[in-house]
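Enquirer: Sequence:
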Amino acid sequence: MSKKNNSHHVQKSESKEKGEANRKKEDIPIIPQQEMIIIREGEEFYGILLDYVDEIKRDITLTEAPNLGEFVSGITEIMGNMVPVINFSNLIGLKTKGGRKTPVLIVKISNQIIGLQVDEVIEIVEINKEEILSLPDIFPPMILSGAYDYNNKVVGILRLEGLIKGKHIHSLKDLK
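Quick note on the working numbering: the sequence shown kicks off at 368 and runs consecutively.
All clues given are correct.
Heads up, simulated DSBU-like pairs for lysine-lysine below, C-alpha to C-alpha not over 35 Å straight-line:
1. 532 to 468
2. 520 to 532
3. 462 to 496
4. 496 to 475
5. 475 to 462
6. 532 to 496
7. 496 to 520
8. 462 to 520
9. 462 to 532
10. 520 to 475
11. 475 to 532
12. 468 to 520
Quick list of simulated restraints, FRET-style, between CB atoms:
13. 492 to 461: 16 to 26 Å
14. 505 to 409: 17 to 27 Å
15. 444 to 501: 35 to 45 Å
16. 503 to 425: 31 to 41 Å
17. 461 to 509: 17 to 27 Å
18. 487 to 400: 23 to 33 Å
19. 446 to 518: 33 to 43 Å
20. 425 to 493: 19 to 29 Å
21. 431 to 480: 11 to 21 Å
22. 431 to 508: 29 to 39 Å
23. 505 to 422: 32 to 42 Å
Since the hints were derived computationally from the structure, they do not count as laboratory data.
Cβ coordinates follow ideal geometry from the N, Cα and C atoms, glycine included.
From just these sequences and the hints, can you work out the full model?
Expert: As C-alpha cells, then:
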C-alpha cells in the first residue's frame with residue numbers, strides 16, 4: 368500500500384476467481400496466497416478479499432443525500448464520480464459508533480463503485496485456502512463465505528455481492 372493524499376491505494380494480485388455460495392471448503396472462492404483486508408466493526412472482525420478494494424480513504428468529505436436509505440451515510444466524490452458511502456454497521460444491524468472520520472473502503476461490487484464506511488481497518492493479510500474455516504449452515508452463505516482465525520479472533524469472510532444485494536443496492540441507483 369502506498370500513501371497518497373490521505374488514502375491508500377491497494378495493490379491487488381492479478382489472479383481472480385469467483386465462486387458461488389457453497390459450504391464446501393474446496394468451493395470457497397479463495398485461491399492460494401489470496402490477500403484479504405481485515406476490518407473491525409464494533410467488537411466483530413470481518414475480512415474482505417482485496418480483489419474488491421480499490422483504495423482506503425482515511426479522510427473524506429461526505430455530503431448528505433436524502434431518500435437514499437438508512438444504510439447510506441452520504442455521497443462523496445472520487446475521481447470526478449459521485450460515490451454512495453454505506454455505513455457498514457447499519458448494514459449488518461449493529462449500532463453505529465463511527466463518525467464522519469472513520470475509514471472508508473472504496474470497493475467495486477457488481478460494476479458499481481461504493482464506499483464502505485467501517486470502524487477500523489486492521490491490516491491486510493495473506494491467506495491460504497487451507498486456513499479458511501467452513502461455517503455451519505446457520506450462517507447466511509450469501510453473506511459469509513467462511514471464517515479465518517486471526518490472532519485467536521474469528522474473522523467472517525464477507526461476500527460483498529450478497530451483502531449489498533437486493534433492497535440495499537436499489538436505493539443507490541438514484542445516484543446515477
